[in-house]
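Spelled out from the first residue to the last, the chains are:
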Amino acid sequence: MNHSLLKHIRYFFSLYGVGIGTTLIVLNQLIWVSDGLTRWRGGGLGMYSDFHPNSRQITIITPDCQVEDLKEGKVFNKWKPLLLHYPNDDNCKKFSQEFLKETGANKVYVQIWQPSFNPNTLVYSRSLLKQYYHG
Amino acid sequence: MDKLLNSSFKANNIYHTISFSVAILSVFLFHELKNNELGIIAYLICFCVLAGICFIPKFIFKPIFWILATGLLSIALYFEVYQAANHHWVLAYLCIILGISLSFSKIDIQEKVLRDNAKILLWVIMFFAGFQKLLSNNYCSGSYFTYMFLTDSFFQPIIELIPEVKDIFAHNIKSISKLNSIDPNTGTAIRLLAPPIWVSISARIFAFIVLLGEIMFPFLYFLNRNPKLRNLSLILLIWGIFLTRLETGFLSIVAILGYAHCPTELYKIRLTYLVSILFFFVLIIFGVGYE
Numbered sequence: 000m001n002h003s004l005l006k007h008i009r010y011f012f013s014l015y016g017v018g019i020g021t022t023l024i025v026l027n028q029l030i031w032v033s034d035g036l037t038r039w040r041g042g043g044l045g046m047y048s049d050f051h052p053n054s055r056q057i058t059i060i061t062p063d064c065q066v067e068d069l070k071e072g073k074v075f076n077k078w079k080p081l082l083l084h085y086p087n088d089d090n091c092k093k094f095s096q097e098f099l100k101e102t103g104a105n106k107v108y109v110q111i112w113q114p115s116f117n118p119n120t121l122v123y124s125r126s127l128l129k130q131y132y133h134g
Numbered sequence: 000m001d002k003l004l005n006s007s008f009k010a011n012n013i014y015h016t017i018s019f020s021v022a023i024l025s026v027f028l029f030h031e032l033k034n035n036e037l038g039i040i041a042y043l044i045c046f047c048v049l050a051g052i053c054f055i056p057k058f059i060f061k062p063i064f065w066i067l068a069t070g071l072l073s074i075a076l077y078f079e080v081y082q083a084a085n086h087h088w089v090l091a092y093l094c095i096i097l098g099i100s101l102s103f104s105k106i107d108i109q110e111k112v113l114r115d116n117a118k119i120l121l122w123v124i125m126f127f128a129g130f131q132k133l134l135s136n137n138y139c140s141g142s143y144f145t146y147m148f149l150t151d152s153f154f155q156p157i158i159e160l161i162p163e164v165k166d167i168f169a170h171n172i173k174s175i176s177k178l179n180s181i182d183p184n185t186g187t188a189i190r191l192l193a194p195p196i197w198v199s200i201s202a203r204i205f206a207f208i209v210l211l212g213e214i215m216f217p218f219l220y221f222l223n224r225n226p227k228l229r230n231l232s233l234i235l236l237i238w239g240i241f242l243t244r245l246e247t248g249f250l251s252i253v254a255i256l257g258y259a260h261c262p263t264e265l266y267k268i269r270l271t272y273l274v275s276i277l278f279f280f281v282l283i284i285f286g287v288g289y290e
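Chains as they are written, first to last, in numbering that gives the first Met the number 0: chain P, 0 to 134; chain G, 0 to 290.
Note that these hints are calculated values from the structure, not bench results.
Possibly wrong hints are sitting among the right ones.
Straight-line C-alpha distance at most 25 Å; calculated SDA-like pairs for lysine to any residue [stated by the list, open to error]: (1) Lys93(P) to Leu32(G); (2) Lys105(G) to Ala83(G); (3) Lys165(G) to Asn184(G); (4) Lys33(G) to Asn11(G); (5) Lys79(P) to Glu31(G); (6) Lys92(P) to Gln56(P); (7) Lys173(G) to Glu163(G); (8) Lys92(P) to Asn184(G); (9) Lys129(P) to Ile189(G); (10) Lys173(G) to Ile111(P); (11) Lys111(G) to Asp34(P); (12) Lys79(P) to Lys177(G); (13) Lys100(P) to Ser115(P); (14) Lys77(P) to Phe78(G); (15) Lys165(G) to Lys77(P); (16) Lys177(G) to Pro118(P); (17) Lys61(G) to Asn90(P); (18) Lys6(P) to Glu79(G); (19) Lys73(P) to Asn90(P); (20) Lys77(P) to Lys33(G); (21) Lys77(P) to Ser176(G); (22) Lys111(G) to Pro56(G); (23) Lys173(G) to Lys92(P); (24) Lys173(G) to Ser124(P); (25) Lys93(P) to Lys177(G); (26) Lys77(P) to Ile234(G); (27) Lys77(P) to Ile189(G); (28) Lys73(P) to Ser115(P); (29) Lys61(G) to Tyr15(P); (30) Lys177(G) to Asn53(P); (31) Lys173(G) to Lys77(P); (32) Lys79(P) to Lys61(G); (33) Lys77(P) to Tyr81(G); (34) Lys105(G) to Leu14(P); (35) Lys173(G) to Leu128(P); (36) Lys100(P) to Ser126(P); (37) Lys93(P) to Lys165(G); (38) Lys61(G) to Gly129(G); (39) Lys77(P) to Phe27(G).
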């Protein structure tokens, strides 16, 4: 009896396990999306549903340094992909801490901008997706 | 023609599915090795993989090969969970279902398990790909689609044939690039140029049909019991998506899943899937499209 039950369980998971697993991964990704992850990542199958994270821009403002020079640094280049894909408070905080350590600055504003496009008027600009202050 | 098809396609789907899955896995592996700057280790891994496939061909028909492949892909996905593209995930699912099917000893049970898993995986992929679009404000408002269309990111094979429209889109790309060099805090905006109205309307209708196809795909299986029509609708969907965007990597995996779930007696449809897969592979090899 047990052997037959095990066989049925194995057969059930063989047929439906992957489907159930994929659905759970997608639902988990939707939770991450509510926290700030882009729909394009995380296994949620959300490609082409929203602006690609590479169309976003990062602006760093600190009273102590020139804005343009900041983007040459190691810390910025290391964190850029994650800031574009998952700009939540946690990632912005970790980036800011390392960035302030690298540059010696005391405070920093991190801004992530995304495309803002009106399909009726065809006006294109950028809107602020996330702003984080560390200081 | 029938005689040629009958003799070539007496083999079960599983053989071709395995062969093409190994090919796409190899392409993915070599692409990752080239990008990760591992130096001489990359060359050694490439050599070992090719030698393995060459000298131990039966290994790819054992479940352990696919479980190992799933394991390696899962490790790569774990480290890049927020940055890996969706077709990396789908490739991992393909490896899992091959591992599960091959774990059964009888070939007809292997075929059935593979067919049912591929069918369910296709349902989940197509449904959620469409569902995510409905959840996105930028998609539902038309903002994202119109932006992609006006910046020559959609329907590229067709737009190539209309130079005036291509020039308009090239102008839009240049304007956006200029705007992006200005600090966003200034609030500067630009107006993009539109192509002739018939072009915009055709694009929207086509995109709506593809979206409807994606969401309706799993439900079509319950509405229509004819396997020929079901498989034809999937082939149409794959080519519809291809004409919209040259996603050769993702579509080749979807076509492999399509082939895996197609009944063996539908020879001509299986041939269409195989030709599609080969076509996408050729584009991937020559770097055309978005692998």
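Results of checking the hints against the structure:
no., hint, in the structure
1, Lys93(P) to Leu32(G), "29 Å, violated"
2, Lys105(G) to Ala83(G), "36 Å, violated"
3, Lys165(G) to Asn184(G), "31 Å, violated"
4, Lys33(G) to Asn11(G), "34 Å, violated"
5, Lys79(P) to Glu31(G), "20 Å, holds"
6, Lys92(P) to Gln56(P), "18 Å, holds"
7, Lys173(G) to Glu163(G), "16 Å, holds"
8, Lys92(P) to Asn184(G), "21 Å, holds"
9, Lys129(P) to Ile189(G), "22 Å, holds"
10, Lys173(G) to Ile111(P), "22 Å, holds"
11, Lys111(G) to Asp34(P), "40 Å, violated"
12, Lys79(P) to Lys177(G), "21 Å, holds"
13, Lys100(P) to Ser115(P), "33 Å, violated"
14, Lys77(P) to Phe78(G), "14 Å, holds"
15, Lys165(G) to Lys77(P), "36 Å, violated"
16, Lys177(G) to Pro118(P), "20 Å, holds"
17, Lys61(G) to Asn90(P), "42 Å, violated"
18, Lys6(P) to Glu79(G), "36 Å, violated"
19, Lys73(P) to Asn90(P), "16 Å, holds"
20, Lys77(P) to Lys33(G), "19 Å, holds"
21, Lys77(P) to Ser176(G), "24 Å, holds"
22, Lys111(G) to Pro56(G), "23 Å, holds"
23, Lys173(G) to Lys92(P), "34 Å, violated"
24, Lys173(G) to Ser124(P), "14 Å, holds"
25, Lys93(P) to Lys177(G), "31 Å, violated"
26, Lys77(P) to Ile234(G), "41 Å, violated"
27, Lys77(P) to Ile189(G), "32 Å, violated"
28, Lys73(P) to Ser115(P), "29 Å, violated"
29, Lys61(G) to Tyr15(P), "21 Å, holds"
30, Lys177(G) to Asn53(P), "16 Å, holds"
31, Lys173(G) to Lys77(P), "28 Å, violated"
32, Lys79(P) to Lys61(G), "41 Å, violated"
33, Lys77(P) to Tyr81(G), "14 Å, holds"
34, Lys105(G) to Leu14(P), "16 Å, holds"
35, Lys173(G) to Leu128(P), "23 Å, holds"
36, Lys100(P) to Ser126(P), "29 Å, violated"
37, Lys93(P) to Lys165(G), "43 Å, violated"
38, Lys61(G) to Gly129(G), "35 Å, violated"
39, Lys77(P) to Phe27(G), "24 Å, holds"
Checked against the numbered hints given earlier, the structure breaks hints 1, 2, 3, 4, 11, 13, 15, 17, 18, 23, 25, 26, 27, 28, 31, 32, 36, 37, 38 and satisfies all the rest.
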